[in-house]
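All chains, full assembly: derive it from the sequences and hints.
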Amino acid sequence: MGLFFDLFERLGIFAILFIFLLRFKAFKRLLTGDADRYDKMFMALAFGMAGVVATYGGFPVQGAIANLRGVPVALAGVLGGPLVGLTSGLVAGSHRFLMDPYGMTSLPCGIATMVQGVTAAMLYHRLRRKQYDSIAAFMVGAVNEGLKMLLILLMQPYESAISLVSLLAIPSMLVNGLGIAVFVQLISTVYKEQQLAKAEQAQTTLGIAFRTLPFLRNGLTKESARETAAIIREMTGIDAVLIADKEQILASEGWDSDRSHVSPAAVDVVQSALVTGQISLAMTAAGAGINPEASGLRSAVAVPLKKQGQTIGVLALFRGVEQGITPLDQELASGLSLLFANQMELADLENHRNLAAAAEIKAMQAQINPHFLFNAISTIISYIRTDPKTASTLLVNLAELFRKSTATTDREVPLSVELEHCDAYLTIEKARFEERIDVRYEIDDSALPCPVPPLILQPLVENGIRHGLLSRDGGGRISICAHKDEHELLIRIEDNGIGISREQLATLFTDHSGGPAGEGLGIALKNVNGRLVALYGKDRGLKIESEPGVGTAISFSVPVPA
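1 is the number of the first residue of the sequence shown in full-length UniProt numbering; add one for each residue after it.
Everything labelled a hint here was simulated from the structure, so no lab data went into it.
Be careful, since some hints might not be right.
[Claimed, not checked] Restricting the straight-line Cα-Cα distance to at most 25 Å, the calculated cross-link-like pairs of lysine to any residue (SDA-like) are:
#: 1; residue 1: LYS246; residue 2: GLY289
#: 2; residue 1: LYS538; residue 2: PHE509
#: 3; residue 1: LYS25; residue 2: ALA209
#: 4; residue 1: LYS430; residue 2: ARG411
#: 5; residue 1: LYS25; residue 2: ALA197
#: 6; residue 1: LYS538; residue 2: VAL558
#: 7; residue 1: LYS246; residue 2: ALA230
#: 8; residue 1: LYS543; residue 2: LEU489
[What the hints assert, rightly or not] Distance windows between CB atoms, simulated:
#: 9; residue 1: LYS198; residue 2: PHE20; range: 19 to 27 Å
#: 10; residue 1: GLU293; residue 2: LYS538; range: 54 to 62 Å
#: 11; residue 1: LEU22; residue 2: VAL321; range: 20 to 28 Å
#: 12; residue 1: GLN248; residue 2: THR284; range: 56 to 64 Å
Each residue gets a CB set at the ideal place from its N, CA and C atoms; glycine is no exception.
This is the structure in structure tokens:
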């Protein structure tokens with residue numbers, strides 16, 4: 001029983017050594033599965049040397065040494081896999097053999113130690129699947145100690161081996177097994193705490209990204225930087241936050257005084273990140289280039305803010321104590337830097353998309369059909385002689401049509417404005433073709449204020465008249481329908497014209513040369529569809545139903561603001 005407690009006492013000393021090992025970054029990377037080969041080799045040697053220390057800390061028993069050498073070796077295999085376990089076992093086992101090459105237990109102990117590192121590594125993948133199973137870990141320790149006892153029984157003199165095994169077997173198997181199980185449970189606790197800290201950090205980072213997105217859409221300005229810095233400090237509890245561009249400090253939260261007049265070059269850690277484009281870490285006030293008495297800050301990490309690979313600014317986080325910047329602070333700063341860069345690049349893409357949409361509107365404005373203009377003027381001239389009042393009305397409508405076609409610059413306009421524009425066009429066409437065109441409206445009153453892209457209806461109505469109704473003997477009917485539900489505005493334009501063949505429909509948005517598309521059937525539809533897709537996504541494009549000889553229905557939807 002005395003040996004049992006003596007081994008437990010040594011287990012406590014080893015626990016202190018183990019806690020010291022937990023401070024090594026290589027050990028933490030080994031724990032999370034991020035270790036490279038150099039980390040694994042370092043930890044293999046460290047666990048092997050821990051086995052050597054355990055040997056020296058053992059108790060002489062009948063020419064043998066009762067010790068916990070197998071605990072660090074087994075942990076090496078459990079955590080690092082076969083190579084780490086074998087290397088650790090070779091270091092500790094070789095040392096044990098060379099301590100007393102001719103001793104009765106030297107060879108069995110040396111062999112068992114090497115084997116223990118490998119057999120423990122068999123549980124490496126099992127413990128990855130069933131996270132750090134302490135029962136399995138206990139079995140590793142107990143079984144390997146049992147193997148060592150069997151090897152000792154093969155040695156001579158047999159009577160001495162029997163006597164030694166009967167004295168050592170139970171305490172050694174129990175304490176080594178319990179030791180490995182306890183340390184595996186400790187590792188599990190540390191691992192879970194690390195994962196929890198990372199999860200909380202990820203949640204915080206995403207929360208910051210969500211709240212700062214509306215501000216960073218406007219780029220890196222004083223206003224967006226001020227709001228962003230305030231949000232970061234509020235959500236992380238960091239002592240101070242600084243955001244700068246290449247010319248000036250845009251925002252500083254947590255400083256005793258305003259820093260906007262200070263050049264970024266005056267803060268060494270910020271200037272370093274700007275110049276190198278790499279993360280800059282300063283664990284002292286002197287290294288950060290700040291006055292600790294004036295600012296109350298003593299350590300910092302600064303990360304570059306990049307857009308399209310070019311450094312445009314810096315985000316810096318500060319703590320009020322030296323050595324206060326933790327690895328989680330560094331990861332937080334790096335993560336925020338990447339998220340902010342993505343947000344600003346997405347904002348640029350949004351601006352480019354808006355510019356493209358504006359360019360599309362200009363292109364549509366430039367596509368006023370000269371034949372339509374010529375025919376409209378000819379119609380007005382004919383009415384001047386026969387019906388001056390109608391001619392005046394048509395001239396007003398033509399002027400209104402051109403004004404709205406060339407003056408619109410907004411991304412969206414109310415549906416009522418689009419309908420007025422469409423009605424001006426239809427008034428001219430009805431005066432020209434008279435009874436050949438019958439126009440019907442089915443518009444919900446609630447739909448009239450809803451925003452739609454400008455110049456979106458008239459091209460579709462013109463397409464229906466030119467390629468549907470006027471190609472049909474006697475003309476026909478065109479219906480313009482708009483209905484609003486809770487989430488979207490549904491618009492449908494129907495005609496009972498000649499329809500579109502299945503072959504034409506298949507290439508309507510892709511044919512760029514020759515055929516019907518080249519004749520103009522697909523040009524207006526393709527432009528309108530492209531604008532809808534660019535603004536609202538491909539699910540919001542035109543939907544066309546047509547049957548030759550029966551007619552065509554073109555529909556689309558736009559989202560309604562909440």
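To see whether the hints hold, each was checked on the structure:
1. A distance of roughly 17 Å separates the Cα atoms of LYS246 and GLY289; the hinted pair therefore holds under the 25 Å criterion.
2. With a C-alpha separation of about 13 Å, the suggested pairing of LYS538 with PHE509 holds against the 25 Å cut-off.
3. Only pairs whose Cα atoms come within 25 Å are accepted, and LYS25 paired with ALA209 is rejected, the gap being roughly 28 Å.
4. Straight-line distance between C-alpha atoms of LYS430 and ARG411 comes to about 29 Å, which puts the hinted pair past the 25 Å bound.
5. Among the hinted pairs, LYS25 with ALA197 is consistent with the structure: their alpha-carbon atoms are about 16 Å apart, no more than 25 Å.
6. For the hint pairing LYS538 with VAL558, the CA-to-CA distance comes to about 12 Å; that is within 25 Å, so the pair holds.
7. For the proposed pair LYS246 and ALA230, the alpha carbon gap of about 21 Å is at most 25 Å, so the pair holds.
8. Taking the CA atoms of LYS543 and LEU489, the gap is about 14 Å. The hint holds against a cut of 25 Å.
9. Between LYS198 and PHE20 the Cβ separation comes to about 23 Å, which falls inside the hinted range of 19 to 27 Å.
10. Between GLU293 and LYS538 the CB atoms are about 60 Å apart, so this pair conforms to the stated range of 54 to 62 Å.
11. LEU22 and VAL321 have their C-beta atoms about 22 Å apart, which keeps the hinted 20 to 28 Å range intact.
12. In this structure, GLN248 and THR284 break the distance hint of 56 to 64 Å, their C-beta atoms being roughly 25 Å apart.
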